[in-house]
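Residue numbers (the numbering used here), protein chains in the order written: chain A, 1 to 359; chain B, 360 to 538.
Hints listed in this document are in silico derivations from the structure and should not be mistaken for laboratory results. Note that CB positions come from ideal geometry on N, CA and C, so glycine has one too. Incorrect hints may appear among the rest.
Estimated spans, in silico, between C-beta atoms of each pair [to be verified]:
#1 A/GLY57 to B/PHE414: 39 to 49 Å
#2 B/GLY477 to A/TRP17: 38 to 48 Å
#3 B/ALA446 to A/GLY350: 20 to 30 Å
#4 B/ASP435 to A/ALA28: 23 to 33 Å
#5 B/ALA446 to A/ALA23: 14 to 24 Å
#6 A/TRP17 to B/ALA378: 20 to 30 Å
#7 A/SER79 to B/GLY477: 25 to 35 Å
#8 B/ALA446 to A/ALA28: 20 to 30 Å
#9 A/SER158 to B/THR379: 42 to 52 Å
#10 B/ALA453 to A/GLU77: 43 to 53 Å
#11 B/ASP435 to A/PRO11: 16 to 26 Å
#12 A/ALA247 to B/VAL415: 46 to 56 Å
#13 A/TRP17 to B/HIS448: 21 to 31 Å
Sample of chain B residues lacking proximity to chain A, with all beta carbon distances greater than 12 Å (derived) [stated by the list, open to error]:
#14 ALA412
#15 LEU438
#16 LEU450
Examples of chain B residues toward chain A, derived with CB under 10 Å [as the list claims (entries may be wrong)]:
#17 LYS398
#18 PRO472
#19 ALA490
#20 LEU491
#21 LEU518
#22 ARG525
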Amino acid sequence: MHDPSSKRRPPHALWRWALIGVAMAGSAAAFGYVGGWLAPGRLTPNSLVDALQANGGDHPGYRRNHAKGICVAGHFESSGLLAPYSSSPLFQPGNTPLVGRLAIPGGNPYAPDSSAPIRSFALRFDLPDGEQWRTGMNAMPVFPVSTPEAFYELQLASHPLPDTGKPDPERMKAFFTTHPETTAFLAWVKTAHPSASYATETYNSLNAFYLRDAGGQRHAVRWRVEPEGAIPAASGPAAGDTDYLAADLRQRLGAGPLRWKLVMTLAGPGDPVDDAASVWPDGRQEVVAGTVVIDGEQAQDSGPCRDVNYDPTVLPRGIEVSGDPLLAARSAAYAESYLRRTSEEGHLPGTESPKEAAR
Amino acid sequence: MNGQPMFHPFARVMHWLMATMILAMLFIGAGMVSTVSEKHQWLVGIHKPLGAAVFVLALVRLGFRLTHPAPPLPADLPLWQKLAAHASHWLLYALMLAMPLIGWGMLSAGGYPVTLGGGIQLPSILPANPALFAWLRESHRYLAWLFFLTFLAHMGAALMHGLIRRDGVLRSMTVARRD
Ligand code: HEM
Ligand code: HEM
Ligand code: HEM
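For reference, chain A alone in the conformation it holds in the complex (with noise of 0.2 Å):
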């Protein structure tokens, strides 16, 4: 062979460089359709935000959904009676501390308290060996939907109109003709009504979860935070009051620590494990695996809760995520909204700044 570098004519050079196009042409285009540019239909967690920003309007520095909250903190008391249920030191007997947030539904921070009949109770404990269990619950038995297309869908048609500001009763009711499984959800909302204290709810997971035992054996499960003892109601909000929530937590915490059970149920045969919008028959096995308490809250904009994502997919060792679909894009919503507030709180370039004022 001669010096390679001579040849510098190659034959069938105009083939030569069209396959080189190819290549890098190609490779571009598959990285497009892999990330989504060139794949418009798919579902992505950006569109998912977005149709939440759109329903709760722009509110710098707040979450996407379940804006309005205050933080709370406290600890849980592990009775260890989930211990041969999951290898979590978590369940050994013991304290673990926790970092919790108590908010409602919907994207607006200045939403009236009475604005949806949902409170949510959202909890990180903090593992001593770094792990940690992130949970985000509501005061509902079942949710409505069962994926995230469903949920997606349930956005797009519950936006409010510019004239009502609330949404268009018949796009609402074409939602629910064409979702049956909105069934069992339809049928507890009639009789829902905005609670007017945090304390007295019961907070549920609606996902389920599998604990995994030391033995490798794994349980399907669902877990419950559930007041402990009876909490008296509260006497009900002054007319006009809409920030009720946060003065009766504050006031309740005046008095002592709250209390709450945290029930985990196990499931029968069959009972299915990939479906938040389907109810599980009563008389499961239930186990207590303890009690969260808290002792103090402070306002979610300094609070330390504010920079917390509760992604209910972190996850110590002895719990893992089921095959509920509704997990995964609750991850990947979670993490943009998470970004975009974060974004705004650390006011990088082409982000709105959160106001502070108003804060």
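Chain A is fixed; fit chain B with the ligands onto it per the hints.
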């Protein structure tokens, strides 16, 4: 021809192993942030340990490279192309180290536990801070795009050497001609 300049076999194995891993990382990363399906979950589960492996291999490879010089580029290659080749190679090395570090740092700044699966958890390397998180998260995205564009140019140039100039540069990273 015995004098044909080649990369050390170890450098070649590392190059192709890491090229595969890094391309996979770029596609996994872009894919996982563009879907809300279950793919998101398992892609994130691969992304973090694979990214950590890239970091470790990049350190080993760079250590090797600093003690084993690369074969010279053809003498008749225009100066600007030589400069571009060297600059882009060092940029690729820099990104192999920076991307995993930023990924690790942003999870730390976001207050997340940095889990790699199988019960392995890395310590936090930065204090929890929302602004820091957001800057690092955006850098992770834009540097990934820069990484991909640099890869495209790098592949285009390598193919140009192999198919048009046929000057032995592509061969120096693949297998020697047997003649
Ligand atoms: C695909 C379905 C869902 C989507 C897209 C979605 C979206 C969101 C988003 C974007 C946030 C704000 C996150 C942040 O910035 O930190 C949020 C908060 C929350 N979501 Fe969901 N969500 C979904 C399903 C659920 C379900 C099934 C539950 C059931 C328990 C739930 C409970 C909560 C709670 C409790 C919060 C507030 C967490 C906090 O206080 O920080 N979500 N959701
Ligand atoms: C060679 C190394 C790496 C490459 C090429 C890479 C590439 C990418 C890409 C392309 C994205 C999508 C960015 C976007 O469009 O927003 C991404 C996101 C991400 N990467 Fe990496 N990455 C690397 C290493 C790591 C490491 C070591 C970690 C963590 C230990 C990590 C954690 C993440 C996380 C958490 C996200 C965002 C997920 C989300 O927001 O839902 N990356 N990465
Ligand atoms: C993400 C993928 C890739 C990365 C990160 C990468 C990285 C690198 C780096 C850092 C070098 C410099 C080696 C040194 O001087 O120490 C190099 C050299 C080289 N790469 Fe890649 N590479 C990738 C993909 C490819 C592909 C797809 C091809 C071929 C089509 C290729 C062909 C070459 C060749 C021929 C050289 C030798 C250049 C010379 O002699 O100076 N690489 N690569």
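task = Taking the numbered hints from earlier one at a time, note which ones the structure violates and give those numbers from smallest to largest.
result = none
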